[in-house]
Amino acid sequence: MSVTRNRWRPLVLGLAAAVFTGGPVLGQNPTLAERIAQCAGCHGADGNSPLPKIPSLAGQPAFFILNQLFLMREGVRKVAAMAPFVKDLKDSDLDALATHYAKLPPKASNESIDPALIKRGAEIVAQKKCVSCHKPNFAGDEQVPRIAKQRVDYMIEALQQIRDSKRESADTLMSGAVAGLADADLAALAHYAAAK
Amino acid sequence: MSSLLAYRRSLATAATIAFLTALTLPGVAQSPPGFSPLDKSNPAASKQDESLKPHPTPPTVTPVEKLPLDKIKLPPGFKAEVWSYGHPGGRTMVLGDKGTMFMGTRLIGRVYAITDKNGKREVKVLLQGLTQPNGLAFKNGSLYVFAINKVFRYDNIEDKLDNPGTPVELTAAYNLPDTIHHNWKYVAFGPDGKMYVQIGSNCNICEVNPGIHGQIRRYNADGTGMEIVARGIRNTVGFDWHPVTKELWFTDNGRDWAGNAGPEDELNRIAKGEEGAFYGFPYCHAQGIPDPDVKRPNPCAGVILPAALLGPHAAALGIKFYTGKMFPASYQNVAFIARHGSWNREKKFGYDVVVARISGGRARIEPFLTGLLDEKTNSFFGRPTYVLPLADGSLLVSDETGGAIYRITYGAKTASN
Numbered sequence: 001m002s003v004t005r006n007r008w009r010p011l012v013l014g015l016a017a018a019v020f021t022g023g024p025v026l027g028q029n030p031t032l033a034e035r036i037a038q039c040a041g042c043h044g045a046d047g048n049s050p051l052p053k054i055p056s057l058a059g060q061p062a063f064f065i066l067n068q069l070f071l072m073r074e075g076v077r078k079v080a081a082m083a084p085f086v087k088d089l090k091d092s093d094l095d096a097l098a099t100h101y102a103k104l105p106p107k108a109s110n111e112s113i114d115p116a117l118i119k120r121g122a123e124i125v126a127q128k129k130c131v132s133c134h135k136p137n138f139a140g141d142e143q144v145p146r147i148a149k150q151r152v153d154y155m156i157e158a159l160q161q162i163r164d165s166k167r168e169s170a171d172t173l174m175s176g177a178v179a180g181l182a183d184a185d186l187a188a189l190a191h192y193a194a195a196k
Numbered sequence: 001m002s003s004l005l006a007y008r009r010s011l012a013t014a015a016t017i018a019f020l021t022a023l024t025l026p027g028v029a030q031s032p033p034g035f036s037p038l039d040k041s042n043p044a045a046s047k048q049d050e051s052l053k054p055h056p057t058p059p060t061v062t063p064v065e066k067l068p069l070d071k072i073k074l075p076p077g078f079k080a081e082v083w084s085y086g087h088p089g090g091r092t093m094v095l096g097d098k099g100t101m102f103m104g105t106r107l108i109g110r111v112y113a114i115t116d117k118n119g120k121r122e123v124k125v126l127l128q129g130l131t132q133p134n135g136l137a138f139k140n141g142s143l144y145v146f147a148i149n150k151v152f153r154y155d156n157i158e159d160k161l162d163n164p165g166t167p168v169e170l171t172a173a174y175n176l177p178d179t180i181h182h183n184w185k186y187v188a189f190g191p192d193g194k195m196y197v198q199i200g201s202n203c204n205i206c207e208v209n210p211g212i213h214g215q216i217r218r219y220n221a222d223g224t225g226m227e228i229v230a231r232g233i234r235n236t237v238g239f240d241w242h243p244v245t246k247e248l249w250f251t252d253n254g255r256d257w258a259g260n261a262g263p264e265d266e267l268n269r270i271a272k273g274e275e276g277a278f279y280g281f282p283y284c285h286a287q288g289i290p291d292p293d294v295k296r297p298n299p300c301a302g303v304i305l306p307a308a309l310l311g312p313h314a315a316a317l318g319i320k321f322y323t324g325k326m327f328p329a330s331y332q333n334v335a336f337i338a339r340h341g342s343w344n345r346e347k348k349f350g351y352d353v354v355v356a357r358i359s360g361g362r363a364r365i366e367p368f369l370t371g372l373l374d375e376k377t378n379s380f381f382g383r384p385t386y387v388l389p390l391a392d393g394s395l396l397v398s399d400e401t402g403g404a405i406y407r408i409t410y411g412a413k414t415a416s417n
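Protein chains in written order, with my numbering: chain S, 1 to 196; chain X, 1 to 417.
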């Protein structure tokens, strides 16, 4: 399996961020507050990520967060930067983190949004019926993520990974939906969703 | 009928408009090898509720008291009990020679081993971190595990349940396509000793590469000697061999976003001497319905039509023939079929186990396990996924949503646990 440079860049960034923001070193049985403070190093204190290619968690459906933490803990979804943080999480921790982030209000990042790409994105969204799973307001539902106000750079990378069969845990319907789309199309989708 | 025709015509018109729109969009022609350049899905043309989406599978344990045992309804004389629980996402069931129950999963990425400890089921996570390891088979002490684009063989596995060790990797030998969509596996050894493998169509509806997708293949156990035994299948996730005729019967799931009414899922048979036959995907569905999006002249010419229809969007998955002695004689050689239940349908359908009574090349479908779908509230309590008769004649039914296995018994014989 070949791993492109691009794929690892955010992981390195993520790790660096975790180190340089001086996230607390956690003891044996960290409290939920201690864990959340650790997550804040990369994902933002309010769950809205200030860092390139790091996803925002605020307002994600609780089931989605629980499911993704579970998949990373089990090694189905392989995100090296997350591995040390998820490996000891108990099911009850997954639940608590999911409940916490689901309640936070999502905020758009300060990335610039291109109106031409929004227009193009709307066409693809209609063609692929993205709203059936992500819902008309793109807030997601159950196992399906919120993409409204998500970071553009993160979504572009995620969409590319799913299209190129490089995200092992990807939903099969989603991989079918983005199959054959050009990079420019994926960028248009990301701009459209981020601006929702 | 005329309204149906009008509906089809409007579907077709909308499809044409969407197709022309697609043509004006730059960039859609790029596609990875083996992938059709255009998925012809035209969900925008469908009149269905646009908020339909697949149901999630809980990744964490459902406690035994929350399982929907009291909802299950069976014909008179039959009884259901919880056989095992605490294996989230458990789907396929395969028994080892020494009595270990192996269970495959999809998104959760685990393979479970369930053993009997003093009459109680003990659940172990045997493997984890795999990509949708739904395909399991057992032979000569070895467990074969088919994940998406990975094939492993664990020898003498039942002696190593606590530490399965490094498997023999057969991925290169089987050389399966690495596309993800409809590519989680169902596999089983046939009466000829060959490994039969599902290769789904890599889209909802599209022209597939008939040399790669939409098939059932068979291989020698080591992955050599590949032959295509059936073509034109959208996605079969279950098959079994008739105990008398030894013919292969398989379920096939109908396409989405072409209306609530179907096209219905199919029960198909590969008749003797018809290996390699064509079952219609993507041109011809169910009992001869031409596809509204992918067209060809005489769409159903040369197509083997189904032995029975299994219902609209029912998601008919596991199928096993019954030769046990516990159930009444009228159940000899019937097939039990688990219907996982619909997502792409406004009024939910399925979530049950049906019986297929087979006569010649045809089958009659009747209800068996019901009660998990509440039609009034349009909600479900569990999703029957695979079935497996045990040596004592009882029948196991896996519930992917509850992470449990139910055991169905008949008559005076009571539960073994």
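Treat the hints as calculated values from the structure; they're not laboratory data. Fair warning: this is a prediction, and the values are worked out from it, not measured in the lab. Careful, some of the hints might be misleading.
What the hints assert, rightly or not - Taking lysine-lysine pairs in the BS3-like style, the calculated list, with each CA pair at most 25 Å apart, reads:
1) X/47 x S/129
2) X/325 x X/47
3) S/135 x X/66
4) S/128 x S/103
5) S/196 x X/117
6) S/107 x S/196
7) X/66 x S/90
8) S/90 x X/124
9) S/107 x S/135
10) S/78 x X/66
11) X/347 x X/47
12) S/103 x S/149
13) X/376 x X/66
14) X/348 x S/135
15) S/166 x X/150
16) S/128 x X/295
17) S/135 x X/53
18) X/71 x X/347
19) X/139 x X/150
20) S/90 x S/103
21) S/78 x S/196
22) X/117 x X/150
23) X/53 x S/103
24) X/98 x X/194
25) S/87 x X/124
26) X/376 x X/347
27) X/98 x S/129
28) S/128 x X/117
29) X/347 x S/128
30) X/71 x X/348
31) S/135 x X/79
32) X/120 x X/79
33) S/149 x X/117
34) S/166 x X/98
35) S/78 x X/150
36) X/47 x S/128
37) X/150 x S/128
38) S/129 x X/295
39) X/124 x S/129
Each hint tested on the structure:
1. X/47 x S/129: 12 Å, holds
2. X/325 x X/47: At roughly 48 Å apart (the allowed maximum being 25 Å), residue 47 of chain X and residue 325 of chain X break the hint.
3. S/135 x X/66: 29 Å, violated
4. S/128 x S/103: 29 Å, violated
5. S/196 x X/117: 54 Å, violated
6. S/107 x S/196: 11 Å, holds
7. X/66 x S/90: Holds, at about 20 Å.
8. S/90 x X/124: Holds. Residue 90 of chain S to residue 124 of chain X sits at ~17 Å (cutoff 25 Å).
9. S/107 x S/135: 18 Å, holds
10. S/78 x X/66: Not satisfied, since the Cα-Cα distance of roughly 32 Å exceeds 25 Å.
11. X/347 x X/47: Measuring from Cα to Cα gives roughly 14 Å; hence the hint holds.
12. S/103 x S/149: The hint holds at about 15 Å.
13. X/376 x X/66: Within the cut-off at roughly 21 Å; holds.
14. X/348 x S/135: 19 Å, holds
15. S/166 x X/150: Holds, at about 14 Å.
16. S/128 x X/295: 20 Å, holds
17. S/135 x X/53: 9 Å, holds
18. X/71 x X/347: 19 Å, holds
19. X/139 x X/150: 18 Å, holds
20. S/90 x S/103: 21 Å, holds
21. S/78 x S/196: 29 Å, violated
22. X/117 x X/150: At roughly 32 Å apart (the allowed maximum being 25 Å), residue 150 of chain X and residue 117 of chain X break the hint.
23. X/53 x S/103: 23 Å, holds
24. X/98 x X/194: Holds - the C-alpha atoms of residue 194 of chain X and residue 98 of chain X are around 22 Å apart, at most 25 Å.
25. S/87 x X/124: 18 Å, holds
26. X/376 x X/347: The hint holds at about 10 Å.
27. X/98 x S/129: Answer violated: residue 98 of chain X to residue 129 of chain S is near 49 Å, above 25 Å.
28. S/128 x X/117: 50 Å, violated
29. X/347 x S/128: 22 Å, holds
30. X/71 x X/348: Holds, at roughly 17 Å.
31. S/135 x X/79: 41 Å, violated
32. X/120 x X/79: Answer holds: residue 120 of chain X to residue 79 of chain X is near 19 Å, not above 25 Å.
33. S/149 x X/117: 51 Å, violated
34. S/166 x X/98: 38 Å, violated
35. S/78 x X/150: 16 Å, holds
36. X/47 x S/128: It holds: about 14 Å lies between the C-alpha atoms, which stays within 25 Å.
37. X/150 x S/128: 29 Å, violated
38. S/129 x X/295: 22 Å, holds
39. X/124 x S/129: 40 Å, violated
Figure legend: structure checked against the earlier numbered hints; hints not met, in rising order: 2, 3, 4, 5, 10, 21, 22, 27, 28, 31, 33, 34, 37, 39.
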